[in-house]
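Colleague: Given next are the chains, with one letter for each unit.
Protein chains: 4
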Amino acid sequence: MNLTILIHCQDQSGIIHNVTGFISRNEGNVIYLDQHVDKQAGVFFMRLESEFISEINVETFKSQFSQELAERYGMEWSIHLGGDKPKMAIFVSKYNHCLYDLLSRYHSGELLVDIPFILSNHKDLGNIAQQFDIPYYHIPVNRENKAEAEQKQLKLLKEHQVDFIVLARYMQIVSPRIIDVFPNKIINIHHSFLPAFAGAKPYHAAFERGVKIIGATSHYVTEELDAGPIIEQDVTTVSHTHSIKDFLAKGRDLEKIVLSRAVKLHVTHKTMVYNNKTVIFA
Amino acid sequence: MNLTILIHCQDQSGIIHNVTGFISRNEGNVIYLDQHVDKQAGVFFMRLESEFISEINVETFKSQFSQELAERYGMEWSIHLGGDKPKMAIFVSKYNHCLYDLLSRYHSGELLVDIPFILSNHKDLGNIAQQFDIPYYHIPVNRENKAEAEQKQLKLLKEHQVDFIVLARYMQIVSPRIIDVFPNKIINIHHSFLPAFAGAKPYHAAFERGVKIIGATSHYVTEELDAGPIIEQDVTTVSHTHSIKDFLAKGRDLEKIVLSRAVKLHVTHKTMVYNNKTVIFA
Amino acid sequence: MNLTILIHCQDQSGIIHNVTGFISRNEGNVIYLDQHVDKQAGVFFMRLESEFISEINVETFKSQFSQELAERYGMEWSIHLGGDKPKMAIFVSKYNHCLYDLLSRYHSGELLVDIPFILSNHKDLGNIAQQFDIPYYHIPVNRENKAEAEQKQLKLLKEHQVDFIVLARYMQIVSPRIIDVFPNKIINIHHSFLPAFAGAKPYHAAFERGVKIIGATSHYVTEELDAGPIIEQDVTTVSHTHSIKDFLAKGRDLEKIVLSRAVKLHVTHKTMVYNNKTVIFA
Amino acid sequence: MNLTILIHCQDQSGIIHNVTGFISRNEGNVIYLDQHVDKQAGVFFMRLESEFISEINVETFKSQFSQELAERYGMEWSIHLGGDKPKMAIFVSKYNHCLYDLLSRYHSGELLVDIPFILSNHKDLGNIAQQFDIPYYHIPVNRENKAEAEQKQLKLLKEHQVDFIVLARYMQIVSPRIIDVFPNKIINIHHSFLPAFAGAKPYHAAFERGVKIIGATSHYVTEELDAGPIIEQDVTTVSHTHSIKDFLAKGRDLEKIVLSRAVKLHVTHKTMVYNNKTVIFA
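Residue numbers (the UniProt record's numbering), protein chains in the order written: chain E, 1 to 282; chain X, 1 to 282; chain Z, 1 to 282; chain U, 1 to 282.
Derived from the structure by calculation, the hints contain no laboratory data. Misleading hints may appear alongside valid ones.
Where chains are identical, the list cannot tell them apart; a pair therefore holds if satisfied intra-copy or between any two copies.
[Unchecked claim] Quick list of in silico lysine-lysine cross-link-like pairs, DSS-like style, CA-CA up to 27 Å:
{"hint": "1", "residue 1": "201", "residue 2": "39"}
{"hint": "2", "residue 1": "185", "residue 2": "158"}
{"hint": "3", "residue 1": "62", "residue 2": "245"}
{"hint": "4", "residue 1": "123", "residue 2": "250"}
{"hint": "5", "residue 1": "201", "residue 2": "277"}
{"hint": "6", "residue 1": "39", "residue 2": "85"}
The shape of chain E in the complex, shown without the other chains (with noise of 0.2 Å):
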């Protein structure tokens, strides 16, 4: 059996040399490790993978490893079993390349989740939820209902147990309604190579900037819109001869991607979350 355990907390010495030392003693053997020290914070990140031949009780392995490190360190840390499927709601609205990518990467086994549901704003998408066999529910949001609608939202999410929400442009501002009970757990994709052209219409913005290159950013979702901490990047490069509609299209297939290798990123439990900021052990 596999654990890979996430660590974060004050720089101190001796950490990795205790905490590999705590793995052989339970008779694990580390298979990957990875750490990082973020000088100006002073704050250690830690990522490791092992393998243990036999079978131990994790809940006791958690427990010992709060007991004689996490309690003298300070440690902020989880340890997640390999194997486990991770419950992932997608919310959209009316855009498909995302909620395609998703679901042929989900329905090939290369996304290793379960998908309780699929949630919209308008009805759409329920065709595609059909064609892989995936609950849809249409829950219309507006100026009036908002705070209702998050009320069913937040319904569905208990009731399945989800895990985290993958926002395959969703095109409405989630609240902090949700946002609490989902801290570090909502991952957007938001249409332009964050921070330039935050908001609505970013590649109508950058058309009109003229810039040479556009992007696409994939974030935790924070209260302040756009402003969250980013996970993945990429862009495309652009001229003279592309039209709006040109940007859309070459947007859309950042977008799939950027959001697509972002959910991976969290699914296998490679970020870390500080200041606002991300560590990705990829």
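Using the hints provided, position chains X, Z and U relative to the given structure of chain E.
Modeller: Relative to chain E, chains X, Z and U alone:
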């Protein structure tokens, strides 16, 4: 002999046909033609290179072009004789990477310009100018003497009949006093992927924001800081493992390549400016 | 109505002038013109889009074009009516990522083609064809039955009046039997940065060689394996941390994007082939 | 003081734990640790930087490291004192872009090396050496005198206690006579995306093949031409509009950046070689 013709005007029927006919009647052969229509603005752009087997009188050619075509279609236009070397002044402060890159291209014959002088508000890079045998003028600039310093600069620029200016990490804001004399003829390199991180210390701001990609942007200088028409941009990836110092080092490589590309596009008459954007016939 | 004209012929004086004149006399307006001269080969290429305010008779137009221009200049040419949807057959084996990418673009109206059928030497992807309501033909291919299998394929291609074929990770070598019927009309995706790693198992070879960048290449199929005219290529970085499995996963994202781009270029008549190379008027 | 430790050995349990313990007992603090396991080969790699508050005796440290760890685990290892400047010889022929790039980085303190001399089979770049005040040795090489010329080169390399050699577009094949003395210590830049277009005139071959992307590759020199362990690669897009001359110009920008990156990785002890591949701890 070769002529390069740049045209822009309101989009109308028959322009290409009539311009190519004019070239033909002058016993020229079109060896390159690129055109673009900005449909939003209704504006037509064309860049055309022609080869003339026998020498023609360029002044006569220009005057006929003006009468037969430019007036009829309301063109803004310019005609450039192949082999002409524009006079390029370089402004620097203390960073040498862009300067070295420009000078080594100049020295090896890749960049076909004359460089009458290098100008700086500091003495530091005088030795590089000396390495390449180019006059170096040191004109200190501070809050008090800015107007006076720019008068001195203008005097030098006029005396040397400078055609265009390259700000090769010149850490001063150039005022309208100079911009107005060199419209779309001052090329700056900004050390970010504009419009993200305009203004001072962009690498620090990029580091703070936790972006995964940094960039550099070369643009024509206009009155609004870092907001002129973009000529060229490029980017490179960064991660949490990179310090600000790493951002700076990676950025230097971007800056020098992006600036040199923009200068070469300008020198070969491949840039046209309209609505604060560029058409790049590359 | 819109017409797209593709031309190539020996480079001669006056072609652009005379073609644009022909358009004008037919009351058309040139809305896009791109041309290229291969100086080594002395060959002229042009792509031209024109808009005709009133309906014109396309057959008459073609016949006049042939008499007045094509014969005179010895042109190879084609004229395409805007809005026509070519018929595209897709050949697959067991990998689904390219198929999903093509079908989702087709389904959302981004890829303007008809898809009469999907053909495979395996049954595996039949369910995806069903998801998108497209006929799926299963024609097993092995060493013994290859000639016979290709006869069946040809029969289907003819019956459905297929215009071009996309090999979306079809793991069989297509023989001249089919290539000769579809010259420069079979688009393949090869999972390497050609000409590096032609042939089988390119990711394994790339891993073995320790490259730092992997790629994908879409090209027209010719008799020589993986040696046809390249339409589109793209790359992504890898490092020692990536296993062959990681190469495969990163490669899938390249392959699907590169193939779809190539298909779109073909469908919009932006590719021309000469001397086993492409001119891409993108 | 800082020490950088590089290790590789058969993968075994407990290495990280015991190495970090050794550092601790010597009152060092790990400030960077990166490790990699090549699962196919069963080999463990580690790079570790430690900070020692008080000066330690490096020879004693090395000797203890050897006894307590290296012998036990069968390690190949090296320990490097922070701040040491390796001696780098540069070999050139007639192209100056890589030379200028290296020298300008050296001159501005970005590249922390000593450069005892530049060596060439031609006189052409002597003036650049002079610009930067570095001795320039001209040793002509031809078919007849090659052995003798290499003896002269070896003599110079020994006299100046050169640590590693950079072939900055040195257009001669280096023989085992020199390679054997500098194993994995000769860095070459090849002007293609290896393994595509190994050998002479790669840009011409790339042009002929009609690729849409060209590249450059920096690698350690081994006996087999252009087949040594790859350190760094980068690419740029090209199209049918680019002539061979354009390929060469775009290539120059790639070559100089890729070579300088590789040299910096080597100088900062971030490269390890195994099975003709590199592990790059960047």
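Colleague: With reference to the structure, classify each hint as holding or not holding.
Modeller: The hints, checked one at a time:
1. 201 x 39: For residue 201 and residue 39, only the inter-copy Cα distance (20 Å) is at most 27 Å; the intra-copy one is 37 Å.
2. 185 x 158: within (14 Å within a copy, 52 Å between copies)
3. 62 x 245: neither (52 Å within a copy, 31 Å between copies)
4. 123 x 250: within (26 Å within a copy, 33 Å between copies)
5. 201 x 277: both (25 Å within a copy, 19 Å between copies)
6. 39 x 85: Classified as between: cross-chain Cα gap 25 Å, same-chain 34 Å, threshold 27 Å.
Going down the numbered hints, you'll see the structure goes against just number 3.
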